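**Q** Protein chains in written order, with my numbering: chain L, 489 to 804; chain Y, 2 to 339.
Hints were generated in silico from the structure; no laboratory data involved.
It should be emphasised that the depicted structure is a prediction, and the values quoted were computed from it without experimental measurement.
Be a bit skeptical, because a hint or two may be false.
With a straight-line Cα cutoff of 20 Å, these simulated SDA-like cross-link-like pairs (lysine to any residue) come out [to be verified]:
(1) L/K495 x Y/F319
(2) Y/K208 x Y/E240
(3) Y/K70 x L/D669
(4) L/K670 x Y/S77
(5) Y/K68 x L/M489
(6) Y/K70 x L/M489
(7) L/K666 x Y/Y48
(8) L/K666 x Y/E180
(9) L/K626 x Y/G96
(10) Y/K68 x L/K495
(11) L/K495 x Y/G96
(12) L/K670 x Y/K304
Residue-level listing of the chains:
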Amino acid sequence: MARLTHKTYPLATGFHGSSRPTPSPELMAKYGYADFKPFSNSADHSDAALLEIAQSIRRDIIRELVEAKSGHSGGPLGSADIFATLYFGGFMRYDVNNPWWEGRDRFVLSAGHMCPVLYATLANAGFFPKSELLTLRKFNSRLQGHPGRDMGLPGIESSTGSLGQGLGIAVGMALADKLVDKNDRRVFSLTGDGEISEGEIWEAAMIAAHWELDNLCMIVDRNNCQIDGRTEDVMKLNPVGDKFKAFNFHVIECNGNSIAELRHAFAEAREVKGRPTCIVAETYMGRGVSFMEDDYRWHGKPPTPEQAEVALTELV
Amino acid sequence: MSVTAVKESSMVNTASTNGQMPRYEMHGKKATRFGFGEGLVVLGERYDNVVALGGDITGSVMTSYFKEKFPDRFFSMGITEATATLVATGLALSGHIPFFATYGAFASCRNTDMIRISMAYNDANVKIGGGHAGISVGEDGATHQALEEIAIIRVMPNMTLVVPCDFNEAKKATIAVGEYYGPCYIRFGRSDVPSFTHEDTPFEIGKAQTFKDGNDAAVIACGPMVWEALVAAYELEAEGINVRVLNMATIKPLDRAAIVKAASECGAIVTAEEHQITAGLGGAVAEVLAQEHPAPVEFIGVKDTFGGSGKPDELMEFFGLTSKDVKAAVKRAIARKR
């Protein structure tokens, strides 16, 4: 029987064709981006090496945001260790030279507003030049304020930004891989913790467990902060892990700012059979920048140039 | 229920109104949802990457045909319309052609955010089937009588929206929608409605079909109102009024040229839909005419009210959605011509 296929990758329409913003040579020189060599993805990296990559991601988040003059600082900085471990610790299969390779594992950022960390991760892996990070949120940039698949940025699997939706899309991808195409691809999705008050998260969780999608690994960035305050004040979420257990997930609770613990968690998730995994990663919002750490007021704002300089000296 | 080829085409078109255009006759009654169900099976037979998601009411929106025939490509989503739309998006982003059908009230209204951000903005090749369209749902009442889908779907970039007029067209439209790239919504109904098109009646996404010629006024209709428009037009012929009937099965992309041509050649327009007039087919036609060819327009549709329980026929009459209402609207439109 025939398969009806259409060319769906890469999508690169944007809204004004191919004219993209370009950063100034001075900025490129200031941040040393011209000489950057992408990090490799390997299970052989030491914890220290992965931490170094996480710090590199954090520095890039600060640079993206200070140049954009808007965007989210706290969640991206807090989750950088998760991204470093997942993308560089040998847990995800991808090919930066062939980003839409059919055998790739996929990542869907359900918390779309956290895209600065995803963009920084992809640039550190070599999906696109680091210089492009400095175009975040600018007119016709491929780095939209929330991920837009129409921009065709390598590594962006889906548009996301309306909270609660990305996990359902990841469930659809995992269903396609496991039950329709019957391949061994894996699907990862990260949600914020505040985000899980959205009902679609629980619908998606129910569906993932019903279809025994053991190729799905979701990560809850449990930093206890959301834009209006502490999560337990805005809407009680605890016990997060028990809730997913009750939905028949394999739940792993770990320190989401510990490379070693994250490695164990992702390694364990890979071995789980018959049910999806939820890693509840306890993190500190704004991790690594002293004046942002564990402070919900840094959910949705960028550093000033002065604050960025301090942050960059701390993130070594 | 068995899935059999549609035989109606053997029932030849009979009399001709003017020697050019066949005269459409009713050859039985069948709900458009059965055309959707059968069309989906045809797609399943043609392509192994067509998959379907169930929203519990598969026997009502006829995804049950596909489920019986292709159980390995059918996935139950429970009663989770919103997330089923997201799962469908994930399947589409994996190269599949997922169909998800439920009642239009939920497929469009509950799913608006999912359709906007995940399906349309992603340009994901998802096909949504919205059943129980309009007040002809009958006894279930207002909650289940979808009157807003045209308004909701046509405002979304990248979306394609098809509203077939009878069983045969629903089947053809479903197949066409499956073979066409992009996020699509197909609207179909619960109750039996006249079947009058044939297997060989042309259908093309984005093209209006002229079902009757005439130059005194044009009725632009979609869904079951196309039949009501034809009945009205044939009756008006006896009064010496020649009415053109356009089947506007695709609401988006809209066949603007056919609308402008109708306005310039007929000088008066009536729109007819089993949907809210506001932002529906009537609204869409008025937008085109206001910009390109102003002409008097009369609107047949639901006038900013909810539906209610009752027999389909008595509801259609109460809400002014019969051939009699179309006839009166045509006369009003003609009277407004300068």
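**Q** Does L/M489 sit within 20 Å of Y/K70, going by the straight-line distance between their CA atoms?
**A** Between Y/K70 and L/M489 the Cα gap is close to 15 Å, so the pair holds against 20 Å.
**Q** Would the hint linking Y/K68 and L/K495 be met if the CA-CA limit is 20 Å?
**A** Judged against 20 Å, a Cα distance of about 28 Å means the pair is violated.
**Q** Just to be careful, I want the Cα atoms of Y/K208 and Y/E240 compared with a cutoff of 20 Å; is the pair within it?
**A** 30 Å, violated
**Q** Holds or violated: are the alpha carbons of L/K670 and Y/S77 at most 20 Å from each other?
**A** 18 Å, holds
**Q** Between the alpha carbons of L/K666 and Y/Y48, is the straight-line distance 20 Å or under?
**A** Holds, at about 19 Å.
**Q** Is L/K670 within 20 Å of Y/K304, Cα to Cα?
**A** Not OK: L/K670 and Y/K304 at ~50 Å, beyond 20 Å, violated.
**Q** Decide if the proposed pair is consistent with the structure: Y/K70 and L/D669, CA atoms, cutoff 20 Å inclusive.
**A** Within the cut-off at roughly 18 Å; holds.
**Q** Holds or violated: are the alpha carbons of L/K495 and Y/G96 at most 20 Å from each other?
**A** At roughly 9 Å apart (the allowed maximum being 20 Å), Y/G96 and L/K495 satisfy the hint.
**Q** Does Y/F319 lie within 20 Å of L/K495 when you go C-alpha to C-alpha?
**A** Violated, at roughly 48 Å.
**Q** Below or equal to 20 Å on CA atoms is what counts here, so check Y/K68 against L/M489.
**A** Judged against 20 Å, a Cα distance of about 18 Å means the pair holds.
**Q** For the pair supplied as a hint, L/K626 and Y/G96, confirm whether the alpha-carbon distance does not exceed 20 Å.
**A** Violated - the C-alpha atoms of Y/G96 and L/K626 are around 31 Å apart, more than 20 Å.
**Q** Taking 20 Å as the top limit, are the C-alpha atoms of L/K666 and Y/E180 close enough?
**A** Between L/K666 and Y/E180 the Cα gap is close to 24 Å, so the pair fails against 20 Å, i.e. violated.
Hints 1, 2, 8, 9, 10 and 12 from the list above are not met by this structure, while the remaining hints are.
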